[in-house]
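Got chain A sorted already, so can you dock chain B onto it with the hints?
Residue numbers (the UniProt record's numbering), protein chains in the order written: chain A, 1 to 912; chain B, 1 to 912.
Think of the hints as simulated: they come from the structure by calculation, not from any bench. The structure presented is a predicted model; accordingly, all values stated were derived computationally and were not measured. Hints should not be assumed to be uniformly reliable.
Each pair may be met inside one copy or between any two copies, as identical chains are not told apart.
[Stated by the list, open to error] Computed cross-link-like contacts, DMTMM-like style, restricted to lysine to aspartate or glutamate with a CA-CA straight-line distance of at most 25 Å:
(1) 152 with 876
(2) 150 with 228
(3) 877 with 147
(4) 231 with 732
(5) 745 with 347
(6) 231 with 106
(7) 548 with 859
(8) 661 with 882
(9) 867 with 550
Number of protein chains: 2
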Amino acid sequence: MIEEEAGQEDVRQDNVCLNLKAGEAASGDQHDLCSKDGQKHMDYILTYSTKKLFSDLHPSLSLKEKTCCLSCCQPCARDQSLRKYHGGTQKQSLRSQEEEKVLCREEFEDNLKKMGLHLEKDESNRISGVGFLKIHAPWDILCREAEFLKLKMPTKEFYQATPQHKMRKLNAFFKRITAPLLPNVGDTETEDIKKVCYPFSREKLHLFDLSDMDSFFDTKTRSLIVFEVLKRAKCNRGENSWGLNSLIAHGVYTEAYPLHDGDIEFENTDVNDRMVLYREWASYSNFYKYQPISLIRKYFGEKIGLYFAWLGLYTQMLIFAAIVGVLVFLYGCITVDDDIPSMEICDKRNNITMCPLCDKSCSYWKLTMACGTARASHLFDSTATVLFSIFMALWAAMFMESWKRRQMRLNYMWDLTNFEEEEDSMKDHPRADYKIKVHQKTLNRMQRKPHKAKAAKLTWRDRMPAYMTFIAIMLLMFLMTFAILFGVIIYRVTTQASLQMSSMPSIRANVRLTVKSTAVIINVVVILILDEVYSKIARWLTILEVPKTDKSFEQRLILKTFILKFLNAFSPIFYIAFIRGKLIGRPGNYLYIYKSYRMEECAHTGCLMELCIQLSITMLGKQLIQNNLFEIGIPKLKKLIRRIKTKRAPVQEEQDDKDLKRYEADFFLEPFVSLNPEYMEMIIQFGFVTLFVASFPLAPLFALLNNVIEIRLDAKKFVAELRRPVAARAKDIGIWYNLLRGISKAAIIVNAFVIAFTSDFIPRLVYQYGYSPDGTMHGFINHTLSYFNVSHFQAETHPLQPLHLGYKVEVCRYKDYRMAPWSFNPYDISKVYWAILAGRLAFVIIFQNVVMLLSDFVDWVIPDIPKEIITRIYEEKMQMVEFFMREEHSLYSMPMLDNQDENRPTPQLRRS
Amino acid sequence: MIEEEAGQEDVRQDNVCLNLKAGEAASGDQHDLCSKDGQKHMDYILTYSTKKLFSDLHPSLSLKEKTCCLSCCQPCARDQSLRKYHGGTQKQSLRSQEEEKVLCREEFEDNLKKMGLHLEKDESNRISGVGFLKIHAPWDILCREAEFLKLKMPTKEFYQATPQHKMRKLNAFFKRITAPLLPNVGDTETEDIKKVCYPFSREKLHLFDLSDMDSFFDTKTRSLIVFEVLKRAKCNRGENSWGLNSLIAHGVYTEAYPLHDGDIEFENTDVNDRMVLYREWASYSNFYKYQPISLIRKYFGEKIGLYFAWLGLYTQMLIFAAIVGVLVFLYGCITVDDDIPSMEICDKRNNITMCPLCDKSCSYWKLTMACGTARASHLFDSTATVLFSIFMALWAAMFMESWKRRQMRLNYMWDLTNFEEEEDSMKDHPRADYKIKVHQKTLNRMQRKPHKAKAAKLTWRDRMPAYMTFIAIMLLMFLMTFAILFGVIIYRVTTQASLQMSSMPSIRANVRLTVKSTAVIINVVVILILDEVYSKIARWLTILEVPKTDKSFEQRLILKTFILKFLNAFSPIFYIAFIRGKLIGRPGNYLYIYKSYRMEECAHTGCLMELCIQLSITMLGKQLIQNNLFEIGIPKLKKLIRRIKTKRAPVQEEQDDKDLKRYEADFFLEPFVSLNPEYMEMIIQFGFVTLFVASFPLAPLFALLNNVIEIRLDAKKFVAELRRPVAARAKDIGIWYNLLRGISKAAIIVNAFVIAFTSDFIPRLVYQYGYSPDGTMHGFINHTLSYFNVSHFQAETHPLQPLHLGYKVEVCRYKDYRMAPWSFNPYDISKVYWAILAGRLAFVIIFQNVVMLLSDFVDWVIPDIPKEIITRIYEEKMQMVEFFMREEHSLYSMPMLDNQDENRPTPQLRRS
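Isolated chain A, as found in the complex (with noise of 0.2 Å):
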């Protein structure tokens, strides 16, 4: 129908738009595409490789392979498949080979201009074996397209916002104050006076503000029109019809991309967006500043808009969370020389004699030894980190709710309201990958049963084999993520146990601390080397799988992804929280995990505090070397093989870089793939800020001031160091926003359990309300403690240096709920063990219900679509009515004005 459309559009003259005819187009004269600046109407480049056909024998052919190869890894193994799967054409030469694709450019290339396209090729540029095809579609094929794509264009009429006259002061007061940290990027088009806008039609040219052709469709649009037209055209070989994408996976093509609008450096006088956006938006100086998100949203699209307003509100709402956070550390801080237990235990009157840390080696010890530790913990351990929890799962909620109004509120100033999602998702062209495993199974049916030769489709049983190899190596990545975890528990435990053997006091003094580091740091380095092992395996699995479309691809990539990388963030996390010191046996009857290593305990006031430290460490770790490392340094060092590899002395390159044109030098930009590494590593850090937020009140702090810094740095890589991306439309940011949901509601559970099981909250709770006898917290460390008779350890497990404190030891205390040595069932699980037991479960149990119940309500309560915007999108859609109206009265009670206004089509005219 398309086609239809566009040959009838070719066939009748055009009266309306510029001095291009259609004819002229079709004839290819090409000075019109640099006509008035140079480079603005090249809307799309394509690029080939021009080596091939002139040195075929030479061994630097496979040049092409690796460039390729660099640039988009998959398809050149796909092309091999595809290339077996023709016929097992190994040795058909490459000559003929290269000559294919000519002539498939050329057919191509006819197609394009068949639609409309003006098309330029320019093979004689500074970049050897690269040859250009500069795109540019004239006004007539950009009003078809916006028409056909119902983009909405700015009319002539402005809707202003009834301003409330309540708020006004208050707004007005706030403008103020925000003022300052506004960007300065001359936005005329503020929240109060918008453009109303309508879906485009060229039956109603009219009503569009087409005061500057030139600028009516921006570079952005522009671009995202040619690129529809680009994934139409096709180029037939045999019986396949290959499109762009399978064009570029063919190596026919090398590369597909928009141009920038410009260069970002201020030598010309002409200011474009990507400047502003550099200078305003892309510095760390502005890092305190708002962005300018529809600046973003009109030189990079919907999608991207979307990710930094997104980034943006998830940094606005840390602030918050990380001064409560540092809040509730101070309250700790503030409070820990109060705090009974710790007094309690650092308290050298209290003499307490423990039983050993470990066999043989390590002997008793006095219980003051783990003062400093008791104090650290209850920093993150007080009172306030149960009602912090509590604030965070609020505060998740709330973020939830604030981002679905704010994208209600951008999807109205964008002019997305009934922009549909759906629509889109069904216009999507099968991948090129469905269609070849899809023709496979065709052909393989035909050959067993030729008389019901029709086209198949993949099933699930098609997929089966992927699905097994998919949970299979689920499983896998499961075991290892566990095994490595082991492994390093392995080596804490031999470190920890052959160290406390060594005969130098200073180094078993520091032991625990030396051992704890040094594992985290191994832990940190695992886990970002899995991370970037199971990003490559998620997407191999995708690709196994053979998704239909781009979306489903998209869409199953992300979650393989997701859960691969959240497993191997949080499964250490896991481990310390819930399983560590909670298996260990007790004193004379302790667990061993392969012969002779006991099971790891935690410091004397649980898991806590080393949680915290794991948290904090990988946190970091995560950030700084993922940020500053792979962010910052990888993209450098790709851009600096891309451009040894196209040949150039990089002596030369400072000064070329000026001369080169706007094409050349968006070619050595890397290429953008995609937003969701982007989105992953915020997912993740979100589940750092609210899985175990009760242990860990300062990750929201560390979170800030990453993502401070995050913003500025993805927003300098968009707009300096990617080539344009083109501009996707969305409503929403999709997937993400259920993995942020599914984050916040699996923290209340998570964060129930931290407070239950891992910290001491509920013994000294139970104890101050249950045993205590006088109602205080005195006595608690010592209810804790269970008495061991030394006389019942096991054989060989007796401490080496019995008489290492200077005294002899009877009896030894562990901290654990047991029966005592003296009595009916020595060591038994005692009474207070279950009644403890009891109120963790009751804690979880209340603690869940209850925030889930206000997480709730706070999403009932903020309601998802701002009032306010109601209204407006409801005026609007008057306004525009009555617009249509007037305009329609206007063009057809005065027939005479039709023809003085020559810009304005009449529906008679273009009828007849």
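Using the frame of chain A, we list chain B on its own:
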């Protein structure tokens, strides 16, 4: 703007439709009204009181007041308050009031005529004192309003879904199977072929299927359109302008209703939809059939259609639940003989003496006496019950998902996919009450600050008193519910005590049964009475709040009614499940309420049996009494009263009924108020089915039986006993969906608690795996019983007949986990108690989270929109576009045809 448009319409001659000219309409040529079949074109009826003017000094003057009060209670109250507010004009002569009404009617009717409606008055009918205003909308008004309302009307195009190859056979088989279940309504429009609908537009008349202009707009649509016009029409009274609602509220008109299609009897040869519905839907003999949903929607509109579709799906889903529930019950029945605990209780060799169940009058008893209860308990408290609770949670999730899909399917079938309810709500006019209140406020403000004379609006501050009242009443209701509960408890305790003291052994033997059943019956009666009271209170509270729009009124009313009714229905059940038997103290130290009445104990095997009895009787009682008595009896009674009021001798009635005109017959029907009571009843039932299903697996069966009747009962009511409602458009079931969702979420946690705390599931599990010497249940009963030394009874609580059993009792047993009298801490809570408590709590956590996860999984796995519907929506849209193109082409490429075809307006003609 609407008025403007209407004006334009009136001015120009309509050259499109019917033979009626707008001029004729304005001149009030009434013979057109009853032209063809006498009544078909009467689209709406307004009635008014005609008696007043001639009998204003007669004592029967107040008749109108009564009639009014009968049909619409609160408007009259409002009327009086309004009159009071208008300046204490209580003494204003009634005569002038009546005259004012006549004037008002005249003005209003003039306005209606100006808007293009045709009116006809009938004051000389068979019902004395009632005048009828018959309203008819001519074709051009219908067209204009249909366009304004964006009604989707059928075009000439048919859409046939492409059949899916794979499922074709299965579908055909399924269709053959279900064929006898389909109602015989001659529905040509199946799911596979449907007319493509498009928002009606007068400029695109050529698209629509105008072959039969009379039935192009069906009666439902016609009345909807007239109703919309009526809502816009105004009558100016002083500074107020009254709309239809205000006019009815002030008694200017008494009733307003659209007409039914015809009689339900089969005497006429003319078959109408109402007749078909009565025969095929509203009859008990069709109980096993599907409902003719599309015909229901065609006749009553989308909102009522959705209700019946929802009720149908709910009933259908209940079939599965009922089957599984019965199986679970049967499993209980079959395994009752193998149940070791009840065998042990019934075994006379276990000579266990139990402590007395009440003070003084009761004596020791043998555990074998509890044999019957124990065996009965097992029927509902087996392992299968746990699985059944999980099943029911998933069933609920499944039901929600199925409904979403069904709703989407109906939306597609009924062309509502693009219908936006927000727009509708924006157009909603403020309610009369609200306007009065605002006016009052504005006046007040003007008196205080005359210079600041601007229109006020109601803020939360104005509503504060209403909110406070709501909270106060809520608390009061809450207290009252508990007071009644408490009263019933007192009744049980006292009756039991007094009956126990009775000397007749037969009475004493049946004490428990008598007390239990009478108490439950009292409970049910109280619940039923309060249910009605609460409905009234909720309405009164909502009126106090003065919501702005009807929609807001409805939502607030629903929420309040739901909260009150839910509390009312479920608080006794919650009490039995979670409070009763938990706080009884122990022998020798019982808890007493009010001096010497001990808190109730449950039967030996837990409260589950009693919960079960309470549930079944409440549910059955509510359903039987509310359904049969209230839903069938009361409407009949009301109809009778109405007839008597209008003073027609009931003897003549029978013969007259046949001769009554349609609008007179409909006048005697009960007015349709709202669907809310129907929904409310079902939601409460859904609560019974899901909330405590762990204790009563037969609940789904009861609900199923009730609903099968309920559907036909409601059908009868809507078809035969109510006036036809104005068709309301709706996309979904609104707030009810959220309530359902809330209940099914609450059900998970409630069931977890019922299994953990009310049933003996966890103690059995803990015993079997933790304490049993041989891993079987043998010895469980003994394990659950503690010892009590009878010498420790408090003074005055010794049984009066200690030798009742024939021997002297020194140690009796009671059900609790406490230390023996000879232990170190006699009667202290034992370790087993805490272990079991921990087990119970752990079960709650595991059950809740696992089931929630499973529900979410079900939610995630089943797509909200059936894939097939997405495809169809898209295909239909594409076909529509194609059809558009084709029509436009044929229209504009052959301009000669335009003049020949008079029914088809050309844009040129209309615009010039």
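Results of checking the hints against the structure:
1. 152 with 876: both (14 Å within a copy, 23 Å between copies)
2. 150 with 228: Only inside one copy: residue 150 and residue 228 sit 12 Å apart there, 32 Å across copies, limit 25 Å.
3. 877 with 147: both (20 Å within a copy, 16 Å between copies)
4. 231 with 732: Within one copy only: 24 Å inside a chain, 38 Å across chains, cut-off 25 Å.
5. 745 with 347: neither (42 Å within a copy, 50 Å between copies)
6. 231 with 106: within (16 Å within a copy, 66 Å between copies)
7. 548 with 859: For residue 548 and residue 859, only the inter-copy Cα distance (23 Å) is at most 25 Å; the intra-copy one is 35 Å.
8. 661 with 882: neither (47 Å within a copy, 45 Å between copies)
9. 867 with 550: This pair counts as between: shortest inter-copy Cα distance 18 Å, intra-copy 36 Å.
Taken one by one, the earlier hints fail for this structure at numbers 5, 8, listed in ascending order.
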